[in-house]
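Using the sequences provided together with the hints, build the complete structure.
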Amino acid sequence: MEATKKMTTSTNQTIDWKLFFNKYATPVLLVILISFNVVFTPNFANINTMWNILIQMTTILLTALGMTLVIASGGIDISVGSVMAISSIISAKSLGLGVLPAILVGLLVAAVCGLFIGLIIAKFKIQPIIVTLPMMIGIRGIAQVTNDSQLLNFDSPAYSFIGTYKFAGNIPVQVLIMIIAVAVVYFISNKMAFGRYVQAMGDNYRASRLTGINTFLVIIGIYVISSALAGFAGIIETARLSAADANAIGKLMELDAIAAVAVGGTPMTGGRPNVIGTVFGVLIIQIITVAVNMNNIPYTYSLVVKAIVIILALWARRNK
Amino acid sequence: MNIVELAVRKVKAFDFKKFFKDEGALITFIILFLFATFKYEQFFTVLNFKNVLRQVSMLGFVAIGMTFVILIGGIDLSVGSTLAVAGVVAAKVCSYGVAVSIIIPILIGIVFGLINGILVTKLKIVPFIATLATMLAIRGIAYIATGELSVGANSASESFIQLGRGFVFGIPIPAILFILAIIVAILISKKTRFGRHVYAVGGNEDASRMMGLKVDAIKMAVYALSGALSAFAGVILASRLGAGQPVAGDGWELTAIAATVIGGTLIVGGVGKFSGTFFGVLIIGLIQNMFNMQGNLNVWWQNILMGAILLGVVVAQSQTGKVSKA
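Protein chains in written order, with the working numbering: chain Z, 1 to 320; chain S, 1 to 326.
If you're looking for bench data, these hints aren't it; they were derived computationally from the structure.
Virtual Cβ for every residue (Gly too), placed ideally from N, Cα, C.
Hints may contain errors.
[Claimed, not checked] Label-pair ranges, simulated between beta-carbon atoms: (1) Z:Asn-153 x S:Lys-124: 46 to 52 angstroms; (2) S:Trp-301 x Z:Asn-43: 43 to 49 angstroms; (3) Z:Val-184 x S:Leu-114: 41 to 47 angstroms; (4) S:Leu-107 x Z:Thr-269: 29 to 35 angstroms; (5) S:Gly-212 x Z:Asn-46: 56 to 62 angstroms; (6) S:Leu-114 x Z:Pro-42: 36 to 42 angstroms; (7) S:Gln-42 x Z:Ala-183: 56 to 62 angstroms; (8) Z:Trp-315 x S:Gln-42: 50 to 56 angstroms; (9) S:Ala-308 x Z:Asn-48: 42 to 48 angstroms; (10) Z:Phe-187 x S:Ala-217: 42 to 48 angstroms; (11) S:Lys-124 x Z:Leu-104: 53 to 59 angstroms; (12) S:Met-293 x Z:Asn-296: 45 to 51 angstroms; (13) Z:Leu-100 x S:Met-293: 45 to 51 angstroms.
[Unchecked claim] A few chain Z residues that face chain S, going by a derived Cβ cut-off under 8 angstroms, partial list only: (14) Met-50; (15) Trp-51; (16) Ile-126; (17) Gln-127; (18) Pro-134; (19) Met-135; (20) Ile-142; (21) Gln-144; (22) Met-268; (23) Gly-271; (24) Tyr-301; (25) Leu-303; (26) Ala-307.
As C-alpha cells, then:
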C-alpha cells in the first residue's frame with residue numbers, strides 16, 4: 001500500500017513539468033509576454049504604460065468576468081457587445097435625470113436584456129449561442145435607433161468621474177472598479193452556493209437538475225450578471241470618452257471576452273469558473289493590443305499575433 | 001369499418017407535430033413567401049426571384065459548409081475571413097483564366113480548413129476558440145496582403161466576371177451552382193458512407209471512435225470542405241463585385257449559423273438536413289428582400305426586425321421539441 005503510494009508520487013514528480021505547464025500556462029505566457037515587451041518595446045516598462053493598459057482593459061475585464069460565469073455554466077453570450085452599446089447610449093440619453101439615475105437606468109437596461117436572454121434560454125431550453133445571436137443583432141439595432149445612430153456628446157464632469165478620475169493624481173478609478181468587480185465575481189463563483197450551482201450545471205446539466213438545483217433561476221441569474229457587467233463596462237467607457245457611439249462601442253467585445261476566458265482556463269465546455277485565470281487572460285489580450293500599438297505595427301498584425309497566442313495558451317493546457 | 005372511417009384514421013395518423021418539427025424551415029418559408037406576395041407588388045416577379053437567388057447563393061455555399069461542421073458537433077467562425085482571402089486571391093489571379101481563379105482560392109480555402117481541422121483534432125482546442133483564432137488570423141492575412149485596399153479584377157477577364165453576373169438559360173449562374181451544391185450535399189448526407197459518418201460523429205463521438213470510425217479524418221475533411229465552400233463563395237462574390245475586398249464576408253459566420261439553425265440543424269450536432277439549410281438560406285434572403293421592398297426601413301430597424309424574426313423562429317422551433325437538447 002505504502003509502496004504504491006510512493007510510486008505514484010514519484011511518477012507524478014517525473015511529469016511535474018507537464019503538470020506545471022498545464023496548470024500555470026496562462027501566468028507563464030503572461031510573464032513571457034511582459035518580459036518580451038520590457039526588452040523589445042520602447043517605453044513599455046513605464047508607469048504610464050501600465051496605467052494605460054489598466055484603463056483600456058477595464059471594459060474587456062468586466063465583460064469577461066460575466067462571460068466566465070456564462071461559459072462555466074456551459075453557455076456562451078455573444079450579445080455582450082450590443083448590451084454595452086445599448087446601456088451606453090440610453091445612460092447618456094438619460095443624463096437629464098441626473099448622474100446617478102442615468103447610471104442606474106443604463107445598468108437597468110442591461111439587466112433587463114440579461115433577464116430576457118436568460119428567460120428565453122431557461123424557459124425554452126434553447127442553446128445559448130442561438131439565443132444570443134439574434135439578441136446581438138437586435139439589441140445593437142435598438143441601440144442605434146435610440147439616437148438615430150448619431151454620436152451623442154455630453155458634458156457632465158460628475159458622470160465622467162467614473163471613467164476619468166485618478167486617485168492621488170495617478171491611479172485611475174478603473175483600478176478600483178476592477179478590483180471590486182473581480183472580488184465580487186470571485187466571491188460569487190468560489191464562496192457562494194450560486195457559484196457551485198453554475199459549475200454543477202456546466203459539468204452535468206441533467207445531474208444538477210436532478211439534485212434539485214433550480215436551474216431556471218440560476219440560468220437567469222447568470223445572464224443578468226453577465227449583461228449587467230457588460231452594461232457597466234459600456235457606462236464606464238461612455239464616461240471615459242464623454243460620448244456615446246452606439247455603432248462603435250462594444251463591437252467585437254464578445255470575441256475578446258470569450259478569448260480571454262478561454263485563455264484564462266475556464267473550460268469552454270463548462271465546469272469550474274477560473275476568475276483569476278480570466279484576469280490573466282484579459283491582461284494577455286490587452287498587452288498584445290497595446291504592444292502592437294506601441295511598436296507602430298499595423299493593427300492588422302495584432303490579429304495574427306492574438307490568434308497565435310490564443311492557440312498557444314489553449315494548446316499548452318490541452319490535456320486538462 | 002367503412003371507407004370514411006379509414007380515411008379519418010389515415011388523416012389522424014398523419015402526425016402534424018412531426019411534420020412541423022421536420023419541416024419547420026419549409027413552413028416558415030411558405031408563410032413568409034405568401035406574406036411577401038400579398039404585401040409587395042413587385043415581389044412575385046421572375047426578375048425579383050432571380051435577384052434573390054443570386055444574392056443568397058454566396059451565403060448558401062458558406063451555409064452548406066457550416067451545416068456539415070455543425071453536424072459533426074463543431075462550429076466554424078473563420079468562414080467570413082476565408083471568403084475574403086479567397087476573393088482577393090481570385091481577383092489577383094483572374095487574368096490567368098477562370099479555372100485558375102477558381103481552383104487556387106479553393107485550394108487556399110482547403111488549407112485554411114485543414115488548419116482548423118488540425119487545431120480541433122490534434123491540438124484538441126474547442127472548435128469555437130480554434131476557429132475564432134483562425135478567423136482573426138485569416139482576416140489579418142487578408143488585410144496585410146492587400147494593404148487594406150480593394151483589389152480590382154482585371155476587366156479583360158470577361159469569363160471570370162460572368163461567373164458572378166452571368167446567366168445560363170436565363171438563370172443566374174451563382175443560383176444554378178448553389179442549387180447544384182445543395183443537391184450534392186443532400187446526396188452526400190443521405191447516400192454516402194461519409195455522410196453517415198458525419199451524422200455518427202456528431203451524434204456520439206466516443207461511440208463512433210469505438211466503432212472504428214476515423215473520427216479525426218472525418219473532422220478534418222469536414223473543416224476542409226467548409227473552407228473550400230467559403231472560398232468558392234468568395235470567388236463568386238469577387239466576380240460579382242468585380243473586385244476582391246479584404247473586408248468581405250465580415251459577420252457572415254453568424255448569418256450562416258443562423259441559416260443553418262433556422263433550417264433545423266441542432267447546434268449540438270448529429271441532427272439536421274441540407275434541405276432545411278436551403279430554406280434557412282432562402283428565409284434570410286427573403287427577409288432581406290422584403291426589407292428592400294419596404295424601402296423605408298433603415299438598416300437599424302432591419303437589424304431589430306431580423307433579430308426579432310430569428311428569435312421568433314428559433315423559439316417556435318424549440319416548442320416543437322426541435323432545438324431542445326440544451
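ask   = Can you list which hints this structure breaks, lowest number first?
value = 11, 14, 15 and 23
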